[in-house]
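Read off the chains here:
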Amino acid sequence: MRSIQKNLNQFNDAGIRPVAISVDSPEQSRDLCQKAGYTFPFLSDPKLEAITRYDLVHKGQGENGGDIARPAEFLIDSSGTVRWRMLTENYWVRARPEQILEAAKLLP
Amino acid sequence: MKRLNWPIWLGFVLSVFAFLSYPFIFVNWATTRDFPWANLLLFAIAMTFVFVGVRRAFAPGRRLWSKVITSVVATICVLSLAMFIFAAFVAARWLPQSAGAPQVSQKAPDFTLTDTNNKRVSLADLRSLTINNKPPKGVLLIFYRGYW
Numbered sequence: 019m020r021s022i023q024k025n026l027n028q029f030n031d032a033g034i035r036p037v038a039i040s041v042d043s044p045e046q047s048r049d050l051c052q053k054a055g056y057t058f059p060f061l062s063d064p065k066l067e068a069i070t071r072y073d074l075v076h077k078g079q080g081e082n083g084g085d086i087a088r089p090a091e092f093l094i095d096s097s098g099t100v101r102w103r104m105l106t107e108n109y110w111v112r113a114r115p116e117q118i119l120e121a122a123k124l125l126p
Numbered sequence: 237m238k239r240l241n242w243p244i245w246l247g248f249v250l251s252v253f254a255f256l257s258y259p260f261i262f263v264n265w266a267t268t269r270d271f272p273w274a275n276l277l278l279f280a281i282a283m284t285f286v287f288v289g290v291r292r293a294f295a296p297g298r299r300l301w302s303k304v305i306t307s308v309v310a311t312i313c314v315l316s317l318a319m320f321i322f323a324a325f326v327a328a329r330w331l332p333q334s335a336g337a338p339q340v341s342q343k344a345p346d347f348t349l350t351d352t353n354n355k356r357v358s359l360a361d362l363r364s365l366t367i368n369n370k371p372p373k374g375v376l377l378i379f380y381r382g383y384w
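Protein chains in written order, with the working numbering: chain H, 19 to 126; chain X, 237 to 384.
Hint data in this document are derived by calculation from the structure and do not stem from the laboratory. Certain hints may be false.
[Claimed, not checked] Cut-off 27 Å, straight-line C-alpha distance, at most; resulting in silico cross-link-like pairs (DSS-like, lysine-lysine):
1) X:K303 / X:K343
2) X:K370 / H:K77
3) H:K65 / H:K77
4) H:K24 / X:K373
5) X:K355 / H:K65
6) X:K370 / H:K123
7) X:K355 / H:K24
[What the hints assert, rightly or not] Label-pair restraints from in silico Cβ distances:
8) X:L240 / H:N30: 23 to 31 Å
9) H:E45 / X:R291: 51 to 59 Å
10) H:K77 / X:N369: 39 to 47 Å
11) X:P296 / H:G83: 50 to 58 Å
12) H:G98 / X:M319: 39 to 47 Å
13) X:I312 / H:S97: 53 to 61 Å
14) H:G83 / X:W301: 41 to 49 Å
15) H:K24 / X:W384: 18 to 26 Å
16) H:K77 / X:V314: 47 to 55 Å
17) X:S364 / H:E81: 56 to 64 Å
18) H:G98 / X:I261: 33 to 41 Å
19) H:N82 / X:P259: 14 to 22 Å
All values reported here derive from a predicted model rather than from experimental measurement. All C-beta atoms in this analysis are idealised placements derived from N, C-alpha and C, irrespective of residue type, glycine included.
With the hints as extra help, turn the sequences into a complete structure.
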């Protein structure tokens, strides 16, 4: 997330809007954004609506055994088609901005 | 003889630092996050001091309590390394298959969620709202575990 924020100008120049999604409440996300200085949108999915639709539910990993999202990134073009994705096999390993910006070059 | 067995204590402090510096420091850069080589390097240095400390404690002339304390501290250091390796290379891989996740060239499922201003935002909105007064080329969805 930090690396996305650091490269936000490059993302904007490439016409890419980063959007973060988790089960956190809007208040929690607002706190996080204020503390960490994130200026791109953070969406709250406490009922796992989008997370379920994208088949990313990680059961029992959250607070009090609740369900959360597994880490994943999707690059979607303006017509709504997935153009690139990364479903990490180890959640210590995340997509790097360079990879995403490289993939963004393929967008029409 | 009341010589402090400093290598074992230095090894202990380094082990604790090697463990805790991942979430607090090294997770912040992709090069030290994706593969925790900085932490493993710190552990390697820590283990060297632990080894030296154990050898010292079991050298002739050391008291029994020195052997006991050194053994306990050395065990804690080795266990912290084992826990770190387990967390990084075993537990971090316990992820769902996500076989139903949208594939490349498939349509991304739409959704409507609440943003940090309590406004409802859909994927369609995100795809059409302008960036720097230009229509966006794409949206990068970043699903993350959250901080609860």
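A quick look at each hint next to the structure:
no.: 1; hint: X:K303 / X:K343; in the structure: 65 Å, violated
no.: 2; hint: X:K370 / H:K77; in the structure: 39 Å, violated
no.: 3; hint: H:K65 / H:K77; in the structure: 13 Å, holds
no.: 4; hint: H:K24 / X:K373; in the structure: 20 Å, holds
no.: 5; hint: X:K355 / H:K65; in the structure: 16 Å, holds
no.: 6; hint: X:K370 / H:K123; in the structure: 17 Å, holds
no.: 7; hint: X:K355 / H:K24; in the structure: 25 Å, holds
no.: 8; hint: X:L240 / H:N30: 23 to 31 Å; in the structure: 57 Å, violated
no.: 9; hint: H:E45 / X:R291: 51 to 59 Å; in the structure: 55 Å, holds
no.: 10; hint: H:K77 / X:N369: 39 to 47 Å; in the structure: 43 Å, holds
no.: 11; hint: X:P296 / H:G83: 50 to 58 Å; in the structure: 54 Å, holds
no.: 12; hint: H:G98 / X:M319: 39 to 47 Å; in the structure: 44 Å, holds
no.: 13; hint: X:I312 / H:S97: 53 to 61 Å; in the structure: 57 Å, holds
no.: 14; hint: H:G83 / X:W301: 41 to 49 Å; in the structure: 44 Å, holds
no.: 15; hint: H:K24 / X:W384: 18 to 26 Å; in the structure: 25 Å, holds
no.: 16; hint: H:K77 / X:V314: 47 to 55 Å; in the structure: 33 Å, violated
no.: 17; hint: X:S364 / H:E81: 56 to 64 Å; in the structure: 35 Å, violated
no.: 18; hint: H:G98 / X:I261: 33 to 41 Å; in the structure: 39 Å, holds
no.: 19; hint: H:N82 / X:P259: 14 to 22 Å; in the structure: 21 Å, holds
Checked against the numbered hints above, the structure breaks hints 1, 2, 8, 16 and 17 and satisfies the rest.
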